[in-house]
Each structure stands twice: as structure tokens, then as C-alpha cells.
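Quick note: the sequence shown uses full-length UniProt numbering, first residue 1, plus one each step.
Since the hints were made in silico from the structure, they are not lab data.
The following label-pair restraints were derived from C-beta to C-beta distances:
(1) S102 x T65: 32 to 40 Å
(2) Y123 x L57: 16 to 24 Å
(3) A112 x N46: 21 to 29 Å
Cross-link-like lysine to aspartate or glutamate pairs, in silico, EDC-like; alpha carbons within 20 Å at most:
(4) K91 x E122
(5) K91 x E126
(6) K91 x E63
(7) K127 x D67
Beta carbons are placed, not taken as given, at the ideal position from N, Cα and C, and that holds for glycine.
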Amino acid sequence: MNDENHRKTETQENLVAEMEAKEFSSNQIKAKKTAKDSVFRDLFENPTYLLQLYQVLHPEDREVTEDQISSVTIKNILLDQMYNDLGFIVKQRLLLLVEAQSTWSRNIVIRALLYLANTWQEYIQEKKLNI
Numbered sequence: 001m002n003d004e005n006h007r008k009t010e011t012q013e014n015l016v017a018e019m020e021a022k023e024f025s026s027n028q029i030k031a032k033k034t035a036k037d038s039v040f041r042d043l044f045e046n047p048t049y050l051l052q053l054y055q056v057l058h059p060e061d062r063e064v065t066e067d068q069i070s071s072v073t074i075k076n077i078l079l080d081q082m083y084n085d086l087g088f089i090v091k092q093r094l095l096l097l098v099e100a101q102s103t104w105s106r107n108i109v110i111r112a113l114l115y116l117a118n119t120w121q122e123y124i125q126e127k128k129l130n131i
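Make the full structure from the sequences, and use the hints.
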């Protein structure tokens, strides 16, 4: 088989494979689009992995232990489920990893405010402040 015929055969095989892939993808069961988000949240609910994440984000701070990290991830009150966010406090730092949005949403500002309010509430309770 000469080179030209070989290339035509390869091209035809690629087209057939592409068409089969498209046909399969249109007929397959729809996947849960939030699976990545829930895996992300589930992974970092584990204090060991949360500590590793913090150390990657702040390599200069190697003295932190799992006991010094507290989760402040908030729930969506209206839907009784977690947002696709991860919030945690380490020493004096509040870290928020917020779900990327394709469009602007005022909801992001409200969620940030809820994190701040939740953090203040926990601080006040922990320090037993009377306000």
C-alpha cells in the first residue's frame, strides 16, 4: 500500500471512530455534572488532606498541625446542601476556595458575607465574648 492510500485509510478510520464516539456520547446516560465538586469537598473534609492543601498554598508555614485547622464551609440554607465552596481557618487566616462561575452572580457576595459572619460567630463563641 502506498503512502497516499495509507493516509486515506487512516483518515477514514479516524472519521469512523469520531462518528462512533459522537453517537455513543449522545446516547449515553447523563453524568452528574457536580461530581467533581462533591469529590473536591469530600476530599478536603479529611483534616490530613486539608492540611496538605494549606501547606501547598502557604509553603512558608510548616508549623501548622491538623488541630489548628477548622472548617467553616457553609451550607445552602434554602436547598439544605453544601455550596461548592471550601472554607477553613488556619491560625489568623480565613481561606475560601469558591466555585468558579461562568457569569457574575450576586450570590457570591452573599456567600462571602456568610463566611465572614460565621467566622466572627465562631470567634466570639470560642473567646466567650459578651457582645
